[in-house]
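Chemist: What follows is each chain in one-letter form.
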Amino acid sequence: MKKEELFNTIVDANQNRIRRICAYYNENENDQQDMFQEILINIWKSLDNFKNKSSINTWVYRVAVNTALSFNGKSYKYMRLIVTADMENLNVITDDSGKEKKLLEEQQLEQLQNELNILSVIDKALVSLMLEGLSMKEISDIIGITEANVKVKIHRIKDALKSKLNTKR
Amino acid sequence: MKEHTNTSDNKISGLIKQLKAKDTNYSAISKRMQLIYWTLCPLYLFIIIMQIVEHSPSKEIISSFCFLFAMVTFALLFRKYQKEYAEVDYSQPTLLMLKKAVNRYEPFSSRTIGIIPGILLVDIGLTIKVSDQTDALLTQLVFIGAVGIGLVAGMIWWYIQYKPLRDHAQQLIDDIESA
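Protein chains in written order, with this note's numbering: chain P, 1 to 169; chain D, 1001 to 1179.
Keep in mind the hints are simulated off the structure, nothing from the lab. Since the structure is predicted, the reported quantities are computational estimates derived from the model, not experimental observations. We put the beta carbon where it would ideally sit given N, CA and C, even for glycine.
If you want a taste of the chain D side facing chain P, the calculated C-beta under 8 Å gives, among others:
#1 Asp1089
#2 Tyr1090
#3 Ser1091
#4 Pro1093
#5 Thr1094
#6 Leu1095
#7 Leu1096
#8 Met1097
#9 Leu1172
#10 Asp1175
#11 Ile1176
Restraint ranges, calculated between C-beta atoms of paired labels, are given here:
#12 D:Glu1106 / P:His155: 31 to 39 Å
#13 P:Arg156 / D:Asn1103: 23 to 31 Å
#14 P:Leu109 / D:Leu1151: 48 to 56 Å
Pairs of lysine to aspartate or glutamate residues, derived as EDC-like cross-links and limited to a Cα-Cα distance of at most 16 Å, are as follows:
#15 P:Lys45 / D:Asp1089
#16 P:Lys45 / D:Glu1084
#17 P:Lys51 / D:Asp1089
#18 P:Lys151 / D:Asp1175
#19 P:Lys151 / D:Glu1177
#20 D:Lys1100 / D:Asp1089
#21 D:Lys1083 / P:Asp48
Given the sequences, and given the hints that come with them, work out the whole structure.
Modeler: Okay, here's the thing in structure tokens:
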């Protein structure tokens, strides 16, 4: 398959996924569009190195997260993680077991949003991948650390978020 | 919906044009720089041949050889840097990508050693060219001064342009590795 065809196939299949990643990091639509373009540029530039070793989804997420972390013109420290109430995977952050059925109310969501934005950039990246419903193995493939390390980090993030949200209730 | 898809397709097709332009641009810059260096090489070779034909003093011929080899060294080194900076792979695991970024933006790394032979060759070439000891000493002082000024200017440039990038990448690595 020619590079151009492969690029089109990847972008067509992953457009929504990439747009969601962009939406996690940018509130403003123009910024989202800029990051989207930047990710596509990096997919194009990295396409020659694509080997079928990893799944295409993981590969796309890797390019997207790496671009988000090094996005030109953005101050990483102030990078905001945007979550919305309709994200089906939102409960993975606050509810481990999934037993508790709950819909986050607007106030809780705002609190969660504030707490998420205090996280380090890497923790934000981990949360964004969790929100995408990726497994620990996939997240470890993307970030480049062991699965056990990902579990520890995510566990800590969840604990920290839970305790902060419970304190404020 | 169809209209949206068409607009989206148009945007992607427009982007591909931009990407190709970018690729061509990188390739053109690389080509131009190589052309300059590789043009200087035969020029020095021509000077060497002329010096041999005209029976110039051997020290002048050796000096020109030093300059020639220095040009080749700089050309190869520059080509390597160009390639390295143009081909950043964003599809690597984040931690690996960040470590490579830190390495790229270090002011002194193992890669920097590659520049030493080129500088030494220029220095040797200049030193051989001058006739007496006093001139050689003066040449050394001027050369070391010039290299020193270049080093300071380079460090200031690095401090402003690249140190923040290096520090940020390092900070992210620390965040990832702190378990």
